[in-house]
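Student: From first to last, the protein sequence lines are chains X and U. Numbered according to our numbering, the first sequence spans residues 4 to 167. Numbered according to our numbering, the second sequence spans residues 134 to 418.
Quick caveat, the hints were computed from the structure, so don't treat them as lab data. Keep in mind that a hint or two might mislead.
Examples of chain U residues toward chain X, derived with CB under 7 Å [claimed, not checked]: (1) Tyr139; (2) Gly165; (3) Asn173; (4) Gly234; (5) Gly322.
Residues from chain X that keep clear of chain U, each with C-beta distances beyond 12 Å, as calculated [claimed, not checked]: (6) Thr42; (7) Asp85; (8) Pro90; (9) Gln92; (10) Gln93; (11) Pro122; (12) Met157.
Estimated spans, in silico, between C-beta atoms of each pair [what the hints assert, rightly or not]: (13) X/Gln158 - U/Arg293: 51 to 61 Å; (14) X/Gln158 - U/Glu196: 29 to 39 Å; (15) U/Ala273 - X/Gly14: 41 to 51 Å; (16) U/Ala273 - X/Gln158: 28 to 38 Å; (17) X/Asp18 - U/Arg418: 26 to 36 Å; (18) U/Tyr399 - X/Gln102: 32 to 42 Å; (19) X/Leu88 - U/Thr387: 56 to 66 Å; (20) U/Ser359 - X/Gln102: 27 to 37 Å; (21) X/Gly73 - U/Thr387: 47 to 57 Å; (22) U/Leu285 - X/Thr5: 33 to 43 Å; (23) X/Thr11 - U/Thr340: 53 to 63 Å; (24) U/Ala146 - X/Thr46: 30 to 40 Å.
None of the values given here were measured: they were computed from a predicted structure. The beta carbon of each residue, even a glycine, is placed where N, CA and C say it ideally should be.
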Amino acid sequence: MTERIRLTVNGLLRDLDVDPRRALVHVLRDQLGLTGTHTGCLTGHCGACTVRLDGRAVKSCTVLAVSADGARVETIEGVLGDSALHPLQQAFWDRFGFQCGFCTPGMIMTALELLAEQPVPDHAAVREALSGNLCRCTGYQSIVDAVLAAAEAMQRPPERRSPR
Amino acid sequence: MTAPVYHAPRSLAEALAVLQEFRGAGTVLAGGQDIVPLMNQGRLAPTHLVDIARLEELRNITEDAGLTIGALATHADLVRHGTIRSHLPLLVDAVRQMGGGLQVRNRGTIGGSLCAANPAYDLPACLLVLDAVLVLAGAAGVRRVSSSAFFLGAGRTVRRDDELLTAIEIPALPTGAGSAYVKLKFMEGGYTIAGAACVLVASANGTCREARLAVSGVSAVPRRISAAEAVLAGHRVTSETLAAVSAQIAGTITDPIEDVMAPADYRREMAGVMAARAVAEAAAR
Numbered sequence: 004m005t006e007r008i009r010l011t012v013n014g015l016l017r018d019l020d021v022d023p024r025r026a027l028v029h030v031l032r033d034q035l036g037l038t039g040t041h042t043g044c045l046t047g048h049c050g051a052c053t054v055r056l057d058g059r060a061v062k063s064c065t066v067l068a069v070s071a072d073g074a075r076v077e078t079i080e081g082v083l084g085d086s087a088l089h090p091l092q093q094a095f096w097d098r099f100g101f102q103c104g105f106c107t108p109g110m111i112m113t114a115l116e117l118l119a120e121q122p123v124p125d126h127a128a129v130r131e132a133l134s135g136n137l138c139r140c141t142g143y144q145s146i147v148d149a150v151l152a153a154a155e156a157m158q159r160p161p162e163r164r165s166p167r
Numbered sequence: 134m135t136a137p138v139y140h141a142p143r144s145l146a147e148a149l150a151v152l153q154e155f156r157g158a159g160t161v162l163a164g165g166q167d168i169v170p171l172m173n174q175g176r177l178a179p180t181h182l183v184d185i186a187r188l189e190e191l192r193n194i195t196e197d198a199g200l201t202i203g204a205l206a207t208h209a210d211l212v213r214h215g216t217i218r219s220h221l222p223l224l225v226d227a228v229r230q231m232g233g234g235l236q237v238r239n240r241g242t243i244g245g246s247l248c249a250a251n252p253a254y255d256l257p258a259c260l261l262v263l264d265a266v267l268v269l270a271g272a273a274g275v276r277r278v279s280s281s282a283f284f285l286g287a288g289r290t291v292r293r294d295d296e297l298l299t300a301i302e303i304p305a306l307p308t309g310a311g312s313a314y315v316k317l318k319f320m321e322g323g324y325t326i327a328g329a330a331c332v333l334v335a336s337a338n339g340t341c342r343e344a345r346l347a348v349s350g351v352s353a354v355p356r357r358i359s360a361a362e363a364v365l366a367g368h369r370v371t372s373e374t375l376a377a378v379s380a381q382i383a384g385t386i387t388d389p390i391e392d393v394m395a396p397a398d399y400r401r402e403m404a405g406v407m408a409a410r411a412v413a414e415a416a417a418r
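Put together the whole structure using the sequences plus the hints.
Tutor: Rendered as structure tokens:
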């Protein structure tokens with residue numbers, strides 16, 4: 004038996020029939036083809052499946068799709084602008100914030116919430132915010148550096164958009 | 134395994150009616166931080182899933198003489214709340230030391246965390262030292278249960294399967310009270326090895342007028358350790374009294390948990406150490 008739900012995923016309305024047992028991460032990946040959200044542990048530990056649900060970072064393996072009915076969902080696919088990388092993505096690139104890249108979408112979705120709440124975080128705040136995201140390449144130092152660099156970049160006025 | 138029947142009641146009365154109808158077969162879903170991982174792993178297969186997340190009436194944190202926390206308030210709601218930050222810092226300590234990061238704080242509810250009755254969770258010991266009362270609603274009416282009587286064992290509480298935990302009532306602390314929660318874990322996302330919650334009420338002369346101490350992670354049920362509280366009452370917090378508290382705690386716990394993370398004796402000793410740290414921290418606040 005399935006349940007009909009409606010989600011707004013990266014700005015697009017989606018009507019879906021979902022098995023009430025299925026976690027949101029599976030519906031995003033298998034029914035919507037949004038495979039940037041990764042399935043890691045499926046136990047709420049690793050954070051690779053982090054998305055934003057009504058603006059808040061959640062682990063989408065711990066949310067049943069059926070209970071997200073009516074919600075706004077933002078995945079890593081929705082973070083990319085028209086062409087340029089988001090400053091967080093650019094900073095992960097510039098600062099070697101990933102090795103295998105498996106944890107990166109979750110790291111970025113979590114860091115987005117941190118920077119929305121605290122635009123100029125210190126080192127300790129970044130570490131605390133990312134404490135629910137595991138990196139098995141042990142690249143934490145460069146991940147923290149990347150988030151701090153992104154925070155700094157996001158404080159500067161965007162040069163490309165100047166009217167000249 | 135067949136899919137569960139999904140229920141999304143829109144009011145408390147409707148939720149209680151569903152639980153009553155499917156008594157024994159209804160699994161309450163709130164933030165899902167315990168239940169959904171169990172379902173993913175095939176360790177839990179509900180037949181009726183009662184999703185109470187839409188009961189907005191259970192989400193509020195309200196202030197009167199004390200504080201009433203709706204069962205659906207999230208851990209993030211707790212640490213954002215002005216009065217909790219200023220008057221109940223032990224709750225902020227507990228949330229900040231939880232595993233799982235921002236995401237679990239955002240989604241996990243206070244009621245879910247308590248009803249899970251996981252010995253490794255941090256809030257139960259905090260509620261014990263706050264003398265909190267848990268409000269349970271059932272088809273037959275509402276009953277109030279002391280936090281010291283709520284937990285029966287690992288994964289077991291006095292909540293009947295046709296009842297919902299709707300709120301947690303926290304009486305105002307006496308003037309001059311400081312509080313803290315301190316715990317030991319081996320990695321950021323790891324579970325509690327031993328934790329201790331403390332409320333200290335200071336007298337004008339600098340001695341403890343009242344001390345409340347509870348430990349978590351050490352036994353199946355969180356508990357107040359009155360023998361250690363008695364060590365502090367009427368005395369100043371010094372290195373000698375802290376050592377006596379540690380010894381008293383370690384000596385009182387007779388049934389420490391032993392598992393892959395830590396042996397029983399280590400947990401018992403660490404409970405004493407965490408208690409001394411919690412007392413020192415509460416005294417400094």
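Student: Now, for every hint given, state plainly whether the structure supports it.
Tutor: Hint check:
1. Tyr139: Cβ of U/Tyr139 sits 4 Å from chain X, so the hint holds.
2. Gly165: holds, 5 Å
3. Asn173: With a minimum Cβ separation of about 4 Å from chain X (threshold 7 Å), the hint on U/Asn173 holds.
4. Gly234: holds, 2 Å
5. Gly322: holds, 6 Å
6. Thr42: violated, 9 Å
7. Asp85: The claim stands: X/Asp85 keeps its Cβ more than 12 Å from every Cβ of chain U (closest is about 28 Å).
8. Pro90: At about 19 Å from chain U, X/Pro90 clears the 12 Å cut-off, so the statement holds.
9. Gln92: X/Gln92 is indeed farther than 12 Å from all Cβ atoms of chain U, at 19 Å.
10. Gln93: holds, 22 Å
11. Pro122: Holds: least Cβ distance 16 Å, greater than 12 Å.
12. Met157: holds, 18 Å
13. X/Gln158 - U/Arg293: 51 to 61 Å: At 54 Å between Cβs, range holds.
14. X/Gln158 - U/Glu196: 29 to 39 Å: This hint holds: roughly 36 Å between Cβ atoms.
15. U/Ala273 - X/Gly14: 41 to 51 Å: Holds, at about 47 Å.
16. U/Ala273 - X/Gln158: 28 to 38 Å: Violated, at about 58 Å.
17. X/Asp18 - U/Arg418: 26 to 36 Å: violated, 52 Å
18. U/Tyr399 - X/Gln102: 32 to 42 Å: holds, 35 Å
19. X/Leu88 - U/Thr387: 56 to 66 Å: Holds, at about 59 Å.
20. U/Ser359 - X/Gln102: 27 to 37 Å: For X/Gln102 against U/Ser359, whose Cβ atoms are near 52 Å apart, the range 27 to 37 Å is violated.
21. X/Gly73 - U/Thr387: 47 to 57 Å: holds, 50 Å
22. U/Leu285 - X/Thr5: 33 to 43 Å: Holds, since U/Leu285 and X/Thr5 (Cβ atoms, about 37 Å apart) stay within the stated range.
23. X/Thr11 - U/Thr340: 53 to 63 Å: Between X/Thr11 and U/Thr340, where Cβ atoms are some 59 Å apart, the hint holds.
24. U/Ala146 - X/Thr46: 30 to 40 Å: holds, 34 Å
Hints 6, 16, 17, 20 from the earlier list are contradicted by this structure; the remaining hints agree with it.
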